[in-house]
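Student: For the record, the sequence lines run as chains A and B.
No gaps in the numbering here: position 130 of the first sequence is 130 in UniProt numbering, and each next residue is one more.
No gaps in the numbering here: position 65 of the second sequence is 65 in UniProt numbering, and each next residue is one more.
Some hints here could point you the wrong way.
[Stated by the list, open to error] Restricting the straight-line Cα-Cα distance to at most 25 Å, the calculated cross-link-like pairs of lysine-lysine (DSS-like) are:
no., chain 1, residue 1, chain 2, residue 2
1, A, K98, B, K57
2, B, K90, A, K82
3, A, K106, A, K87
4, B, K88, A, K82
5, A, K123, A, K106
6, A, K96, A, K82
7, B, K88, A, K91
Calculated from the structure, these hints are not laboratory results.
Remember, it's a predicted structure, so these values are computed and weren't measured experimentally.
One letter stands for each residue in the lines below.
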Amino acid sequence: MASSLENLESQLELFIENVRQIHIIVSDFQPQSQNVLNQKLLALVHGLQEVDKLKSQVQDVHVPLEVFDYIDQGRNPQLYTKDCIEKALAKNEQVKGKIDAYRKFKANMLLELSKTFPTELSKYRAIRGDE
Amino acid sequence: MMGDQFRKVEQYSPKSSPRGARSPVVSRQDSSGTLKTTILLGKNPSIVPSGPFYLMKEPPGESELTGATNLMAYYGLEHSYSKFSGKKLKEQLSSFLPTLPGVIDSPGQHDNSSLRSVIEKPPIGGKELLPLTSIQLDGFRLHPGALPEQYRYANAAPMKKHKNKHKKHKHKDGGLPSQETTITDAGSDTHEKKHKKQKRHDEDKERKKRKKEKKRKKQKHSPEHSGGLTPSQHSNS
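Okay, chain A solo, but in the shape it has when bound (with noise of 0.2 Å):
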């Protein structure tokens, strides 16, 4: 999956990189420069072959679209998972904290019930078993 991806990575960079140097023929074109031109043309269709080469490859990433949102406003995407890993965190926290007290509420009340109503909760204890 790894290698998969850095390929993908690479392969986009390079198209990136062929058409930064058109942007720049182009820019203050010179009629010697056709043919460069031309030979640039054709590696943009072979970049576009090669990356369609590699999508049968990542077919089972998943990208949340909420990134897409972040990079649409020129954010950075690694912001996205810093916020996911701080709402997960920040979640796991909080219903760990309520398992801890219903935990020690059931406990306090096995407790007073005990006290209160020896008889019934000895009952209650032999039909739960596992109290």
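Assemble the complex: chain A is given as a structure, and chain B must be docked to it using the hints.
Tutor: Positioned in the frame of chain A, the structure of chain B alone reads:
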């Protein structure tokens, strides 16, 4: 008087209770199946729960993975967490893609380059990509001269210091040329700089050779030279 009062109450009493048609006094059958009830008929019919506990349900099944465990550690993401939480990430997209030329920090909607638009309006695909024929390439025959000012924005993109550093490093690895590279050789692709360097090196060599030959000729024609060998030639022979 009393009868009137009752009638009044009856008049205002709701026709249907929030609990539906059920009476709140008489308890319903427990859905969990743990509640046993005895129905007594006779003079005073009543429903008496005969199980030990009222409303006792089966506890929910215990799942192995809950929020009580540190999920970050469970999925081995601690490294990613420390990576992102430790350092302050730069806000701009250009800091994530430093090698990308042009202005990429502006919103994509401005120049119609947003990724959303690619999803919403997917480009035409599924056709085979074929190289351009010579006739098709004729369509790209350009007139000599510079581009109008508005199309030169990519060249004028401000390059940050770290960007250049990164680029330099990249070029060392991949041999990609810099922006200042002049492209004249048709055969070269991304190694123009390398070729240029080599060319310069070859030129230097040739120049040195020529100088040496000139020197030798001079020595041959000089009055001091009487067919004998120079000290360097002595050492060579």
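Student: Which of the stated hints cannot be reconciled with the structure, identified by number in ascending sequence?
Tutor: 3
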